[in-house]
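Just so you know, the protein sequences line up as chains D and S, in that order.
The working numbering applies: residue 1 is where the first sequence begins, and numbers increase by one.
The working numbering applies: residue 93 is where the second sequence begins, and numbers increase by one.
Hints in this document: simulated from the structure, not taken from any laboratory.
Keep in mind the model is a prediction, meaning the values are calculated, not measured.
For glycine and all other residues, C-beta sits at the position ideal for the given N, C-alpha and C.
Heads up, some of the hints might be wrong.
What the hints assert, rightly or not - Residues from chain D that keep clear of chain S, each with C-beta distances beyond 12 Å, as calculated:
1. A37
2. V57
3. V86
4. K88
Unchecked claim - So the derived list for chain S, only partly shown, Cβ under 7 Å to chain D, looks like this:
5. V125
6. G245
7. R249
8. G259
9. S263
10. V297
If you want the building blocks of each chain, they are given just below.
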Amino acid sequence: MDAVSIIGMVSIIISGITIAVGSVGPALGEGRALSQALMAIAQQPDESATITRTLFVGLAMVESTAIYCFVISLILIFANPFWDYVIKLGGG
Amino acid sequence: MEITTDHIIFWEWEFIHINATLVYSWGVMTLLVVGSWLVSRRLSSGTKMSRWQNLLEVLVTMIQDQIREASRQEPRHYLPFIGTLFLFILVSNIIDVIPGVSAPTSSLSTTAALASCVFVAVPVFGIAQQGLRAYLAHYTKPSLLMLPFNIIGELSRTIALAIRLFGNMMSGSLIVAILLSLAPLFFPVLVQAFGLLIGVIQAYVFSILALVYIASGQRVKQHELEEALNEDISPEDQDLHENIN
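Chain D with its partners taken away, still in its complex shape (with noise of 0.2 Å):
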């Protein structure tokens, strides 16, 4: 097997596993902050626009550990340098 298809090879295995672990952390971490912001809403509700204001600030947060590892995962399928950098050494 030569070095380009092994690279290809490895770094649609990689994505896929990049994406794979880095949704499980956020979702579980989001659907309990979810649950734990429902049950606040349930005990008062006269706060609930602030409640809903920080859940949101907070989810935002939380998912853009997710959104990392989708970033990484796109620039291994379509913009993979070393994918890049191996085929301009065979061309040249």
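Let chain D serve as the given structure and place chain S on it in line with the hints.
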């Protein structure tokens, strides 16, 4: 498949490339500036006003209320910067639904520029409020050992701001593009509508986070806090309170 709009080049001369990101962000800037200029030509202070003035007033009071509640300070100093960030990102995210137009925020260059603005604004607001020496001293709190960690935190949260907005906007358009090849009939419309919601939430989150970062670089004075909170109570309510007391 393109994951950035920087490669779509409309016009180039030697080393100057006018790409799609630039063109669309200029478009958003023109839309905002010319729109609000046209509206603010004929402002009225009476009860009769044009519907566009009403729209701008609703926007400005909403942003003011959000800043007051989130930072617990007077919104006067923050309103121009935070309001501009919010409106620019909001309009940039929303024009993504126009066919043929891509959101300038789905390019890392735009979001990195916006995050750099926040990175510069934090020390500028901090030094303006409490002076150079006091601002620099707050990096060594609680002890001198924390100095490198504070600096790393400052840098990493800037990068996080940029990547968060970029990732959310880019993933929205990319998922629609992938779905168009899988199930082109009805499903992409739903995902596009969901992308609109994500765009509005991300604009809100970006400006709230910028506000939180700026406010954390400042020392809150106790009397300002009380003033800001008292403004929520209207004068009639205060009379009522005094009568009860």
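Q) Quick check: which numbered hints come out false for this structure? A) 2, 5, 6 and 7
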